[in-house]
Every structure is written in structure tokens, then in C-alpha cells.
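Build the full structure now, drawing on both the sequences and the hints.
If you want our numbering, it's the position in the sequence shown, counting the first as 1, plus 253.
Incorrect hints may have been included.
Each pair of labels, with its calculated beta carbon distance range [as the list claims (entries may be wrong)]:
#1 R318 <-> G284: 36 to 42 Å
#2 L264 <-> I288: 34 to 40 Å
#3 A274 <-> S305: 27 to 33 Å
#4 L299 <-> K279: 19 to 25 Å
Everything labelled a hint here was simulated from the structure, so no lab data went into it. Heads up, the beta-carbon is just placed ideally off N, CA and C, and yes, glycines get one too.
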Amino acid sequence: MIKNMGSVDRLFRVVIAIVLAILFYKDIIAGVWGIVALVVAGVFVLTSLMSSCPLYLPFGIRTSRLKKTTK
Numbered sequence: 254m255i256k257n258m259g260s261v262d263r264l265f266r267v268v269i270a271i272v273l274a275i276l277f278y279k280d281i282i283a284g285v286w287g288i289v290a291l292v293v294a295g296v297f298v299l300t301s302l303m304s305s306c307p308l309y310l311p312f313g314i315r316t317s318r319l320k321k322t323t324k
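What follows is the structure, encoded as C-alpha cells:
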């Protein structure tokens, strides 16, 4: 899988996932919205661990730095 996420993007997603999980477990977000928040949090953590976001691919978005090759 192509790595297209930079470290700032990954950190941002993990922080958002933690906030969503805390809001759910404190019953600030409940019901269907709480479940949606947990699913989004899980997707954010998973994509952060893989350093790849499938939604970035069709749009050509890349937040990681390009490695320079020397010849």
C-alpha cells in the first residue's frame, strides 16, 4: 500500500480518535452518533497505523514528504 500520510496528519487523526472515544465513554455522544463516532475513530487509528488513506488516492493527495533520490 502506498504511504501517503505525513506524521502531522497521522498525529492529528490519532488525537481526533482519542477525543471521539473519550466523548463516547463519557456519554457526551450517545446512541447512533456515538457508534458513528467510534467507527470514525477506529478508521482514523487504522489509517494512521498504515500511514495510508484510501480516500487520498483518487484525489492525488499526499501529506507525506517525497523522498529525494540521488543518482
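Now the hints, each set against the structure:
In this structure the hint that R318 and G284 lie 36 to 42 Å apart at CB holds, the actual value being about 41 Å. As the Cβ distance of L264 to I288 is approximately 25 Å, the hint placing it in 34 to 40 Å is violated. For A274 and S305, the hinted distance range of 27 to 33 Å is not satisfied, since their beta carbons lie about 22 Å from each other. At roughly 23 Å, the beta carbons of L299 and K279 sit within the given window of 19 to 25 Å.
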